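The hints should help you fit chain B onto chain A, whose structure is shown.
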Amino acid sequence: MNWDLIWSSFGPLITGAVTGTIPLTLASFAFGLVLALVVALMRLSPNWLLSGIGRFYVSVIRGTPLLVQLFVIFFGLPSIGIRLDPWPSAIIAFSLNVGGYAAEIIRAAILSVPKGQWEAGHTIGMSRPQTLVRIILPQAARVSVPPLSNTFISLVKDTSLASLILVTELFRNAQQIAAFSQEFMALYLQAALVYWVICLVLSTAQSAVEKRLDRYVAH
Amino acid sequence: MSPTNESIPEPGVTSVLQARNLAKAFGSNVVLRDIDIDIRRGQVVALIGPSGSGKTTVLRSLNGLEIPDGGTVTFGDSDTAGGLSIDFGAKVGKKEIAALRDRSAMVFQHYNLFPHMTVLKNIIEGPVQVQKRPKAEAIAEAERLLERVGLADKRDAYPFELSGGQQQRVGIVRALALKPQLLLFDEPTSALDPELVGDVLGVIKELAEEGWTMVIVTHELAFAQHVADEVIFMDGGVVVERGPAAEVLRAPTQERTKLFVKRLQHDV
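Respectively, the protein sequence lines represent chains A and B.
Mapping of the first sequence onto this note's numbering: position 139 corresponds to residue 139, and the numbering continues sequentially without gaps.
Mapping of the second sequence onto this note's numbering: position 210 corresponds to residue 210, and the numbering continues sequentially without gaps.
Isolated chain A, as found in the complex (with noise of 0.2 Å):
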């Protein structure tokens, strides 16, 4: 074992975290989440044209493989003239696929919030999107906090396939070294050891944001 070469590639795969991983996985998210509760509210209309859109975004995003998802837009979409970067094309795979699976999140959380919460919200004079604002979602917030987490979870390390349309990120930069060092057990275990470390952060955070939010619930 070259205990020189394992040390000081520490380095460059958290300089990939930093700079590939964790903004991939943010930016993703962020745009995944905008477009879930978009679809979530678009299956919950009672406009059938808007929730059959919604029904079938989410059936295929959850019917094919992430995989599949990023190489028809990386690969894919040049031959009808779309070429796009790797970055874009990463976080856009992403997003749509955290759309499809955060969409059913959001949708199943608005509707565990009882009738009467919306029919309070009515009575002192609320419409349907300010009720839907101010009372509904904060409620569901709290609810789809635990699954929105394990999404989230996911997404970090579903990141590495980005690594399959040359986005320069932690896993990549494992390859790349493990490749000239012929070090593969060691570099993919590094590998692994720095993507548990970031989803140890992440699962302490999501208790805080858990026990926030559970500020006004009975224990």
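Take the hints with a grain of salt, since some may be wrong.
[Said to hold, decoys possible] Listed next, the in silico DSS-like pairs over lysine-lysine satisfying Cα-Cα at most 27 Å (straight line):
#1 B:262 with A:115
#2 B:179 with B:132
#3 B:258 with B:121
#4 A:115 with B:91
[Unchecked claim] Okay, the calculated bits of chain B under chain A, using three or more residues with CB under 8 Å as the criterion:
#5 111–121
#6 124–131
[Said to hold, decoys possible] Cβ-Cβ distance ranges computed for the label pairs, FRET-style:
#7 B:263 with A:211: 48 to 56 Å
#8 B:264 with A:129: 37 to 45 Å
#9 A:108 with B:34: 35 to 43 Å
#10 A:108 with B:155: 32 to 40 Å
#11 A:138 with B:150: 55 to 63 Å
#12 B:87 with A:77: 49 to 57 Å
Read the hints as simulated data drawn from the structure, not as lab findings.
All values reported here derive from a predicted model rather than from experimental measurement.
Where a beta carbon is used, it is the ideal one built from N, C-alpha and C, also for glycine.
Below, chain B alone, put in the same frame as chain A:
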């Protein structure tokens, strides 16, 4: 805590609300048929009847939480400013429903407080967010009302920290803070433990004495007799009997009313 209009006319003079021929059906199940209600300023009307009689549907129709299939609701004098007339037989728009809700406020059986807001926020949400009143003024008003129902120290508590009776008193204050022309109560004590019922009924009784106009759906017949000016007994979606509280509850003329009153008294 008295109604907004300073010069309260004699009760029984000014009409607050007139409902005519309210009708509603869910599929083939007729829940309301030809319901007429007149409410004058300062009057307390109690709606009683067995479950499924349609009394809650009538109440919810007055707040636009149910939309009747037919009939009209008129608030005040529809020709003057502040008057409102809605024909449910025609298409009813969002604006009309909003105008309806602007004039009445509902107190729910299960309180329906907003669990993510403190007591104070629950109360000022409508005045500040919907009615656009200055926040400082809304807070002062909320504190005054909380004081009146004995909950001044619960201002910053969350609903889950309160007993059912306390939550319902906050529910009543939330409705009062909107300064509605008409207060609607949907079985306000039915979800409460028996020892907490008295507190809530006490508050409602005080509101009646202060001249608030109210419609109360209730199973508390003794309370209805004590507080209500008029009692309306409903069964099967129609009004079976109506009149002064003492008459309807003590000497009902209709068989169905007699049976209902007798059965509830047996429960006691």
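Results of checking the hints against the structure:
1. Restraint check: the Cα-Cα separation between residue 262 (chain B) and residue 115 (chain A) comes to about 35 Å, which exceeds 27 Å; the hinted pair is violated.
2. With a C-alpha separation of about 13 Å, the suggested pair residue 179 (chain B) and residue 132 (chain B) falls inside the 27 Å cut-off, and the hint holds.
3. Simply put, residue 258 (chain B) and residue 121 (chain B) have alpha-carbon atoms about 45 Å apart, too far for the 27 Å limit, and the pair is violated.
4. Straight-line distance between C-alpha atoms of residue 115 (chain A) and residue 91 (chain B) comes to about 24 Å, which keeps the hinted pair within the 27 Å bound.
5. Here's how the segment 111–121 of chain B fares: 6 of its residues keep a CB closer than 8 Å to some CB of chain A, so the rule of at least three is met and the hint holds.
6. Figure legend: the segment 124–131 of chain B, annotated as covered by chain A; annotation consistent (5 residues with Cβ-Cβ distances under 8 Å, at least 3 required).
7. Checking the proposed 48 to 56 Å range against residue 263 (chain B) and residue 211 (chain A) shows it holds: the Cβ atoms sit about 50 Å from each other.
8. Checked against the hint of 37 to 45 Å, the C-beta distance between residue 264 (chain B) and residue 129 (chain A) comes to roughly 43 Å, which is consistent with it.
9. In this structure the supplied range 35 to 43 Å holds for residue 108 (chain A) paired with residue 34 (chain B), their Cβ-Cβ distance being about 42 Å.
10. Between residue 108 (chain A) and residue 155 (chain B) the beta carbon distance is about 34 Å. The supplied range of 32 to 40 Å therefore holds.
11. The beta-carbon spacing between residue 138 (chain A) and residue 150 (chain B), approximately 29 Å, falls outside the hinted interval of 55 to 63 Å.
12. Checked against the given bound of 49 to 57 Å, the beta carbons of residue 87 (chain B) and residue 77 (chain A), roughly 55 Å apart, stay inside it.
This entry does not satisfy hints 1, 3, 11, going by the numbered hints stated previously.
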